[in-house]
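In order, the protein sequence lines correspond to chains A and C.
Under our numbering, the final residue of the first sequence carries the number 184; numbering is consecutive throughout.
Under our numbering, the final residue of the second sequence carries the number 361; numbering is consecutive throughout.
Derived from the structure by calculation, the hints contain no laboratory data.
Keep in mind the model is a prediction, meaning the values are calculated, not measured.
With a straight-line cut-off of 25 Å between C-alpha atoms, the simulated DSS-like cross-links for lysine-lysine are: (1) K161(A) / K61(A); (2) K91(A) / K114(C); (3) K161(A) / K114(C); (4) K114(C) / K141(A); (5) K134(C) / K280(C); (6) K112(A) / K114(C); (7) K134(C) / K7(A); (8) K161(A) / K91(A); (9) K20(C) / K344(C).
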Amino acid sequence: MQLSQSKLILLISSIVLLFVLQEVITYRYISEPYPALKMPSFSGNRMNDAGFYEITNVEIKVLFNNQDTTLYSPQTFFSNTPITHHGYLLKSFLPHDTTTDSRSHEQFKFLKPIIPGFFASRYRSRYDIQNNPETVQWLRKQITDLIPGKKPEKVFFLWYKNQYDPEDLSQSKRTLTGTTTIQL
Amino acid sequence: MNNKNVLSNWLFSGPDGTIKNLQVYRVIYVLYIFIIMMPHQLWIQDYPDTFFFPRIGITLFFTGFPSITFFYVLNFLLTVALLALLFGYKKFYASIAVGLLLFIGNSWSYSFGKINHDIFIVIIPLIFAVIFWKGKSYETYQWITPIFALLIGLAMFTAAFAKITTGWLDPNVSAITGHLLQNYYTTGRETLWGSMLLSINSFHLFKFLDYSTIILESAFILSIFSLKYFRLVCAMACFFHFGIQLTMGISFTPNIIAYAFFVDWSSLYNVEALKNSLQKISSYRIGLGGLCLIALPLCAIYILFGNPFLINLGSGFIKIFGGNLAQTIIIVIAVCISLAYIWKLLPWYHQKKVTVLQYKI
Numbered sequence: 001m002q003l004s005q006s007k008l009i010l011l012i013s014s015i016v017l018l019f020v021l022q023e024v025i026t027y028r029y030i031s032e033p034y035p036a037l038k039m040p041s042f043s044g045n046r047m048n049d050a051g052f053y054e055i056t057n058v059e060i061k062v063l064f065n066n067q068d069t070t071l072y073s074p075q076t077f078f079s080n081t082p083i084t085h086h087g088y089l090l091k092s093f094l095p096h097d098t099t100t101d102s103r104s105h106e107q108f109k110f111l112k113p114i115i116p117g118f119f120a121s122r123y124r125s126r127y128d129i130q131n132n133p134e135t136v137q138w139l140r141k142q143i144t145d146l147i148p149g150k151k152p153e154k155v156f157f158l159w160y161k162n163q164y165d166p167e168d169l170s171q172s173k174r175t176l177t178g179t180t181t182i183q184l
Numbered sequence: 001m002n003n004k005n006v007l008s009n010w011l012f013s014g015p016d017g018t019i020k021n022l023q024v025y026r027v028i029y030v031l032y033i034f035i036i037m038m039p040h041q042l043w044i045q046d047y048p049d050t051f052f053f054p055r056i057g058i059t060l061f062f063t064g065f066p067s068i069t070f071f072y073v074l075n076f077l078l079t080v081a082l083l084a085l086l087f088g089y090k091k092f093y094a095s096i097a098v099g100l101l102l103f104i105g106n107s108w109s110y111s112f113g114k115i116n117h118d119i120f121i122v123i124i125p126l127i128f129a130v131i132f133w134k135g136k137s138y139e140t141y142q143w144i145t146p147i148f149a150l151l152i153g154l155a156m157f158t159a160a161f162a163k164i165t166t167g168w169l170d171p172n173v174s175a176i177t178g179h180l181l182q183n184y185y186t187t188g189r190e191t192l193w194g195s196m197l198l199s200i201n202s203f204h205l206f207k208f209l210d211y212s213t214i215i216l217e218s219a220f221i222l223s224i225f226s227l228k229y230f231r232l233v234c235a236m237a238c239f240f241h242f243g244i245q246l247t248m249g250i251s252f253t254p255n256i257i258a259y260a261f262f263v264d265w266s267s268l269y270n271v272e273a274l275k276n277s278l279q280k281i282s283s284y285r286i287g288l289g290g291l292c293l294i295a296l297p298l299c300a301i302y303i304l305f306g307n308p309f310l311i312n313l314g315s316g317f318i319k320i321f322g323g324n325l326a327q328t329i330i331i332v333i334a335v336c337i338s339l340a341y342i343w344k345l346l347p348w349y350h351q352k353k354v355t356v357l358q359y360k361i
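Construct all of the structure, not just a fragment, from the sequences and the given hints.
Laid out in structure tokens, this is it:
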């Protein structure tokens, strides 16, 4: 395919213009769409106000009906999922308040028949997700796949904030910031 | 030189080598997808719709994940399209199909809310489609190459810009240290080299890495006007990606395949055995029925037994190399090619060549 120089200029201008538009829109209005011309940002430096590196860590504790407990890392618990997705899956198990989400998307409700996915996911709180029978069933299956033959009773998602001293990168503090308990 | 000539020079001076580059690169791309990305997104079948959190994109039109049958069909069609591209059967349509099917699969994978930034894997077959439209032409290959460089440059700049605006330039804090800690202790990517880097804990080294990351990511857009320098930046980026894989356990092979578009593969085409096999592949006259017949067992193997190339060699291997065997082989090859390219750019390489020639004469 041969393009004249003027058409190529138009093509290049369109690419640059669309790129600028993408950056402005994603910066100001919406989170990153797919597709988008973007690379991983690795933004921020993880330093807290006290001058320590601070990172979040999660442990998953399972209580079985014989009162045994087993501790899993997210990597083991979500081993059938790409590692890149573990953080986002865990977000569904952040500690929550007990109310249903009431975000202000009311003005866009007329779009619901066209983009139901937006409303199905945005009008759902973590409480809704964690107490949904489908989630509970999925958690039960994950656990029985990991330890067959044992009946899980409860699963706890333990959220920690770990602090590291920049001087020697040793862990200076570990704080339990919240626990999510799901009855199985 | 007026503006028109500058643009013309940029767009039409094009890559060296010939369209043969593309013959080799097309095979490399198809093999890459078969080795790294197949079966495509089958893992989604295990998840209930409660995890459905679509980003702005095509999955917004749905209320949950599709059934397993959808992913089986997607994988079968993708296998057929990839084979068609490999054997040169209706390359234009095959390229579009590969791009579209990868995009659809990825869209579902990213409807958990997390986007992996492998957009080049979708863009590359669309570039093939432009080149193969109305038969392949060297003219198209020439102008599409700087356009692809522009796309890579812009995408890489988003990474640099995000770092610049969120504290990576702070002279008192090392951002890489924070991310390294996060990867090592939270994500579970406990690599040997990451552990060594953390034990060294040299602030000056970390800060040097912070700055050089930003410089490298910005260098892509600055070098798009010279194929020579763009290739040099791609070569440097291969070392960067290798370093990231070794220390943080993050393999970013989709970018490696995108950089490979700019490699002059024609010298490889001159290797008689390789040339013959490439010509043999293209000479097979396989119709759609034949492709489906080959695709069916191939797809079944991927679905039933998983990807044989992604075989788990144990945590020890991942600990040392930060990725699986296939990812490691790809990045090591990329580093070797990069070294060879940089070597060729060194002035004394040319002096030596001249001396050898004089000696021969």
